[in-house]
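Asks: Following the hints, position chain B against chain A.
2 protein chains.
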Amino acid sequence: MSAGELPRFTPIGRLRTPFAALADCPRNTRALDPAPICRVEVAAGYAPGLKSLEGFSHLIILYWLDQAGGADLVFTPPFDPQPRGIFATRSPRRPNPIGLAVVELEGFEGPDTLLVRHLDCVDGTPLLDIKPYLRTTDAVPEARMGWLEPKERANRAP
Amino acid sequence: MSAGELPRFTPIGRLRTPFAALADCPRNTRALDPAPICRVEVAAGYAPGLKSLEGFSHLIILYWLDQAGGADLVFTPPFDPQPRGIFATRSPRRPNPIGLAVVELEGFEGPDTLLVRHLDCVDGTPLLDIKPYLRTTDAVPEARMGWLEPKERANRAP
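Those protein sequence lines, which keep their order, are chains A and B.
Under the working numbering, the first residue of the first sequence carries the number 447, and numbering increases by one thereafter.
Under the working numbering, the first residue of the second sequence carries the number 447, and numbering increases by one thereafter.
Quick caveat, the hints were computed from the structure, so don't treat them as lab data.
Treat the hints loosely; a few may be bogus.
For identical chains, the list gives no copy identity; a pair is met inside one copy or between any two copies.
In silico lysine to aspartate or glutamate, EDC-like type, Cα no more than 20 Å apart, as pairs [to be verified]: (1) Lys497 x Glu595; (2) Lys497 x Glu550; (3) Lys497 x Asp518.
Note that the coordinates shown come from a computational prediction; the quantities given were computed from them, not determined experimentally.
Pulled out of the complex, with its shape left as it was, chain A reads as follows:
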């Protein structure tokens, strides 16, 4: 693959959250009650692409983890005694730092701004894509979570 064939992506907007810096980002926004309202702002020209979103209760947001720093292929998470492969974690320090969040769509603030819950990234994070969440292909409530199973984690010595 030549350099000319590398993917070229362009931010299409910004994510607005209450988290000013990486250190403020929650490890799990589902643990925040109430979950704060965040904003998905699309840049000028992209608003027509939001047409027909209003009937979806949930969306998938992809964004560029521009403050993640370099990648660690194997690292020991702070809450775990063992090294883990990056692809078995949701750490932002990935070879391609693309973040993913399943968010609840609360509504439109304007033609180019969505109100959502359950973003956990830094304020100002560049937006890459918005996809409708499809329970028919995206929801797997019985999925097993390997080393991240809550029971396994609770049973492990700190």
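Replies: The following block gives chain B in isolation, referenced to the frame of chain A:
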């Protein structure tokens, strides 16, 4: 944002599927029974990042839709009478053509190759990221699917 700040992503492997061309890709791989086994091949050097994946039943695969062609912000899907915004669809013709699939992990074929079900992209599609699927944040079985609700589509005149 200057050009120097644009996201720079690099394919980290390839997806191997039975679908040789776009026209062969199924609209919904969940409809294929049995779903074919596909391969996620990571490039040399990235295999250590797969450590600890073995306990997860499902993964999220992100890939570069390199054959998608240009973006349509608003378009009329072939099975729908109305124009829809691109962000309310899973069409590959997106401003940033990043594909997403929730796949079932069947196992390892080797240290750098995963066997999975439910990929629906063209054979050879460049891989961008592998994430563990977390039912605690990614599974929303009650999500409403707007204009893509099966009932709404069934009730609509062809």
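Asks: Hint by hint, note whether the structure agrees.
Replies: Hint check results:
Taking CA atoms no more than 20 Å apart as the test, Lys497 paired with Glu595 passes between copies only; the shortest distance there is 16 Å, against 38 Å inside one copy. In this assembly of identical chains, Lys497 and Glu550 lie within 20 Å of each other by CA distance solely inside one copy; the values are 17 Å within and 32 Å between copies. With identical chains, the CA atoms of Lys497 and Asp518 are at most 20 Å apart between copies only, with a shortest distance of 12 Å across copies and 39 Å within one.
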